[in-house]
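Number of protein chains: 4
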Amino acid sequence: MNIEPPDPSLATRIIVTGGTFDKHYDAIKGELTFKNSHLPAILEQSRVTIPIAIEINQLIDSLHMLDEHRDRVLTSCRNAPEKCIVVIHGTDTMAQTAQVVGQAGLDKTIVFTGAMIPYSVQGSDALFNLGFALATAQSMAPNTYVAMNGRVFTWDQVRKNKTDGVFEAPQLNVT
Amino acid sequence: MNIEPPDPSLATRIIVTGGTFDKHYDAIKGELTFKNSHLPAILEQSRVTIPIAIEINQLIDSLHMLDEHRDRVLTSCRNAPEKCIVVIHGTDTMAQTAQVVGQAGLDKTIVFTGAMIPYSVQGSDALFNLGFALATAQSMAPNTYVAMNGRVFTWDQVRKNKTDGVFEAPQLNVT
Amino acid sequence: MNIEPPDPSLATRIIVTGGTFDKHYDAIKGELTFKNSHLPAILEQSRVTIPIAIEINQLIDSLHMLDEHRDRVLTSCRNAPEKCIVVIHGTDTMAQTAQVVGQAGLDKTIVFTGAMIPYSVQGSDALFNLGFALATAQSMAPNTYVAMNGRVFTWDQVRKNKTDGVFEAPQLNVT
Amino acid sequence: MNIEPPDPSLATRIIVTGGTFDKHYDAIKGELTFKNSHLPAILEQSRVTIPIAIEINQLIDSLHMLDEHRDRVLTSCRNAPEKCIVVIHGTDTMAQTAQVVGQAGLDKTIVFTGAMIPYSVQGSDALFNLGFALATAQSMAPNTYVAMNGRVFTWDQVRKNKTDGVFEAPQLNVT
Chain A
1 MNIEPPDPSL
11 ATRIIVTGGT
21 FDKHYDAIKG
31 ELTFKNSHLP
41 AILEQSRVTI
51 PIAIEINQLI
61 DSLHMLDEHR
71 DRVLTSCRNA
81 PEKCIVVIHG
91 TDTMAQTAQV
101 VGQAGLDKTI
111 VFTGAMIPYS
121 VQGSDALFNL
131 GFALATAQSM
141 APNTYVAMNG
151 RVFTWDQVRK
161 NKTDGVFEAP
171 QLNVT
Chain B
1 MNIEPPDPSL
11 ATRIIVTGGT
21 FDKHYDAIKG
31 ELTFKNSHLP
41 AILEQSRVTI
51 PIAIEINQLI
61 DSLHMLDEHR
71 DRVLTSCRNA
81 PEKCIVVIHG
91 TDTMAQTAQV
101 VGQAGLDKTI
111 VFTGAMIPYS
121 VQGSDALFNL
131 GFALATAQSM
141 APNTYVAMNG
151 RVFTWDQVRK
161 NKTDGVFEAP
171 QLNVT
Chain C
1 MNIEPPDPSL
11 ATRIIVTGGT
21 FDKHYDAIKG
31 ELTFKNSHLP
41 AILEQSRVTI
51 PIAIEINQLI
61 DSLHMLDEHR
71 DRVLTSCRNA
81 PEKCIVVIHG
91 TDTMAQTAQV
101 VGQAGLDKTI
111 VFTGAMIPYS
121 VQGSDALFNL
131 GFALATAQSM
141 APNTYVAMNG
151 RVFTWDQVRK
161 NKTDGVFEAP
171 QLNVT
Chain D
1 MNIEPPDPSL
11 ATRIIVTGGT
21 FDKHYDAIKG
31 ELTFKNSHLP
41 AILEQSRVTI
51 PIAIEINQLI
61 DSLHMLDEHR
71 DRVLTSCRNA
81 PEKCIVVIHG
91 TDTMAQTAQV
101 VGQAGLDKTI
111 VFTGAMIPYS
121 VQGSDALFNL
131 GFALATAQSM
141 APNTYVAMNG
151 RVFTWDQVRK
161 NKTDGVFEAP
171 QLNVT
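Line order of the protein sequences matches chains A, B, C and D.
For the first sequence, my numbering assigns the number 1 to the initial residue and increments by one for each residue that follows.
For the second sequence, my numbering assigns the number 1 to the initial residue and increments by one for each residue that follows.
For the third sequence, my numbering assigns the number 1 to the initial residue and increments by one for each residue that follows.
For the fourth sequence, my numbering assigns the number 1 to the initial residue and increments by one for each residue that follows.
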């Protein structure tokens, strides 16, 4: 009996755009900023054995994202050879970028996630969210999703509640 | 526009059985042992908003599990009102207990997970695995699975490679 | 043979003024800010058995300190019944406040310390610095000191090198 | 005005012997064990700028120490060119080894410390104790001490209370 390698269809691309998830404390400046992505260290910690490609798309705060920044995410999703994609994104405008990508209707399972507390800070939700997003990317039908707070939202049914710091689905008024 | 509450079908039960995931350092004894489950703290850290029921089934090392311990897990899975179940289990005999539960053929999505490094120790994979397992429980068809190393295995196609400390699918020889 | 209680002369007051040491990540605002002091939790973690009084004097960034804020620290040092005092302070103007307190020439051992990385962030120097400062407060002759980077500086022979993020003693030119 | 380098008399040797302080979680064996010392990483985290020599004397559990192991610590203390020495030691027999070294009456300040919870486990006292011990080694008169629980004990007036997990001074009965 030999060992079967992981199914190649599970190969996943993680597209890193910055956001709280990846912030790093700069001891000289005394503030949280971007330096390098924590993704390679996080994946090692997660003991993942499926093939993962990490792509540093940009490292910015999502409040500073312009249309061109969101287009860059869409282009990466379009060009990715993988069928499973996780996008690490700031939470403040995650829903907007997910909308840009979702409207393109790519035949891939694209899952946006991020963190409310940086990976490098005590009590971070980053590792949980990454695990949640990776499983979602492997198991859901092709579409674009936001995976936060232990829930999966489709791109056109999600917004961030900035008061409570949670993602929620707006309810359509049915008449 | 009102806020839609999470879909009640996402309600998930987490059945805790102990294992490395939940070990705690006892400063007096100088060893890793079981005291209370870390699950309530972990879920708070994960910022999960779906309804979760936590059930402390047992708190033991999976190497010490006898048939009666595995049966207790099966009974809990059978009795759970939820359709989505995550079982936190020691890695050493996770595949065996998954087999006991899987053979029962319950109409629920039951996902076993655990950790190679305890939640309370630097570099733990516990948070990642919990996130991965929760998403799997929500999105996969009813069956029993093992979710470790960023992969989902069905209960009859998984074993732990104790040399490398990873889960893998044994390959059937086809003649 | 009975147990001798700790020498009452070791009783120590920790005066908290804020600074990087005590910053806390606010997930809603998405920034490091002040909420409560981490000192009670840190002392529990440190397993200290000597009597410690914690005084929250203020919780501000030391770059925002005015003369009145430094005077408030001096007043607390003067009024403290203890002979051993540790002041938790932001690093940016720690040397200035130490100078204000040092010039008062109180008959107490007063030790300023802080952190370059907050207690709540990975890789923090806060716990090390607190231990270093507490021992200095117990063992050095009455005077005012800055204890950072594993070194003890007297209040009139210390400055922060903001380029390298370390404390150093300016060298007097001898002619 | 130039920068004065640290006083060379502050040069400190850290003699590592193992103990809880330096234990590491082995994910394959599923237990806390010794691999490499964490001291180099800890000193970097502590941002120490004084000259420190790290000597890996042995890496064992102090319950397994025999006379020859304690003699090896004494020999290292005797041979050290530095006047300030910190010995990282398991807590269970720290008092015994301190007695062996203390009776030798070396003209150095030798400070034993350790941890009740390993550096690599949440809630560790290791960083605090190291800072406390380093300051004690720099500031106290030559002798051998145990520095734990935020207190300094001389080598002939200390024991570990194994029930409470704290160090204390036995009280001499005066008649």
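A hint or two may mislead.
Identical copies go unnamed one by one, so any copy, or any two together, can satisfy a pair.
[Unchecked claim] Heads up, simulated DSBU-like pairs for lysine-lysine below, C-alpha to C-alpha not over 35 Å straight-line:
#, residue 1, residue 2
1, Lys35, Lys83
2, Lys29, Lys108
3, Lys160, Lys35
4, Lys162, Lys29
Rather than coming from a laboratory, the hints here were simulated on the basis of the structure.
* Can you give me the call for Lys162 and Lys29, within, between, both or neither, at a CA distance of at most 35 Å? => both (27 Å within a copy, 9 Å between copies)
* Can you tell me if Lys35 and Lys83 fall within 35 Å by alpha carbon in one copy, between copies, both or neither? -> Within one copy, since 29 Å is at most 35 Å while 40 Å is not.
* Between Lys160 and Lys35, at a C-alpha cutoff of 35 Å, which is it: within one copy, between copies, both, or neither? -> Both, since 26 Å and 24 Å are each at most 35 Å.
* To do: Measure nothing new, just compare the shortest in-copy and cross-copy C-alpha distances for Lys29 and Lys108 to 35 Å and report within, between, both or neither.
  => Answer is between: at 33 Å across copies they meet the 35 Å cutoff, but 40 Å inside does not.
In this structure, every one of the numbered hints holds.
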